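Enquirer: Place chain B on chain A using the hints.
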Amino acid sequence: MLATAVIVFREVLEAALIIGIVLAATRGVAGRVVWVTNGIAGGVVGAIVVAVFAGAIASPASGMGQEIFNALVLFIAVSMLGWHNVWMKRHGREMSISMKSVGEAVRGGAKPMYVLAVVVGLAVLREGAEVVLFLHGVAASGTNSAASIAAGGAAGLAVGSAMGGLLYFGLLRIPSKYVFSVTGWLILLLAAGMAAQAAAFLVQADLLPTLGDTLWDSSWLVADGSLAGKFLHALIGYPARPSCIQLAFYAATIVVIVVLMRLVNRPYGPQRGTPITAS
Amino acid sequence: MKISRRLSAVLVALWLAGGLPAAYAQGNDSFTLTLKDHKFQPEELQVPAGKKFKLVVKNLDPTAEEFESHDLKREKVIAGNSEATLSIGPLKAGTYRFVGEYNEKTAKGRIVAK
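For the protein sequence lines, the chains are A and B, in the order given.
Everything in the first sequence is counted per my numbering, starting at 15 for the first residue and increasing by one.
Everything in the second sequence is counted per my numbering, starting at 720 for the first residue and increasing by one.
The set of hints was computed from the structure by calculation and includes no laboratory data.
All values derive from a computational prediction rather than experimental measurement.
The beta carbon of each residue, even a glycine, is placed where N, CA and C say it ideally should be.
Not one of these hints is a red herring.
On the chain B side, residues computed to face chain A include the following (Cβ under 10 Å):
id, residue
1, 780
2, 805
3, 811
Label-pair distances were calculated between CB atoms; the ranges are:
id, chain 1, residue 1, chain 2, residue 2, range
4, B, 811, A, 15, 38 to 46 Å
5, B, 761, A, 52, 45 to 53 Å
6, A, 126, B, 781, 37 to 45 Å
7, B, 765, A, 162, 38 to 46 Å
Only chain A is shown next, with the shape it has when bound in the complex:
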């Protein structure tokens, strides 16, 4: 039972932390719980489908289908997270012209929740598919009773979700004036970490060179498999032994998103702001 709980916890953790950040970033948005719940539900359905067709997904592209699929899922999430930040920046500017806070725009329900619901769904899909395959394997081996598997799975899910909850309530303690800039930074790092992970999958599929296999090795300090390593990996994409290409993707993602945020925030001239205040 404990082994089941530990593995389910490990898989659930990353998705739970992402959901915690998304919920904090959408504080006060009308209908956000429905959106996030739909994202989770869609992710669970997707996870089961991916698990059932695991063999079929793996075979294309000379057996590298799984890597390409994972990289694609990650890149979609990266672009959604980037789009979220750019949207926040653009509306931050419009709101400051019309003397409203971003918080009000967000609370007004204008924020594109579907973008973040997709991010939640994809995170649940990726991690959930592994949980489904693992639990199916445990059940099929017949050494554990159904009750013990269910108890272990539920315990892992509960502890993993609790971690996401802790992160969420921690972020809620940030004064509302700063909370969106903090979640903006978290989402930026989340996106960069996912892009680096996608690069690692493309290296594994032999579609990208490593440009240097091991840039540094900090596994003596925080190992990939440790709890701290899992946390840092989920939040900022920490790897103990990154390749150069991973760092390149990490940095490029930050640069591209920040540049786009700057571009939409650039003053366009007087006619841009006036329609909002004119009534």
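Expert: Using the frame of chain A, we list chain B on its own:
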């Protein structure tokens, strides 16, 4: 836009510069691990250091397994009764541990690069 375009051009150039020679230099060495009753056979696999190789993992168990190695930076789900290929290396001489994540107690082994 200009900066991101230039950046993507640099990335594409790096991809071509690094990827093409790597593709040509790629050896055809292939090694096979077999997974049965949640155990890897052989548990220790000798490979040449400094050369790329393909690792074929045959899963003879009816259930899926995830081949995982933090040392090798590889993770791949292998469906039950099927096989998967991973591209690995070039490795520095040394020992690289791997496990089957779903059955870590029994499914473990190492690749030794010499």
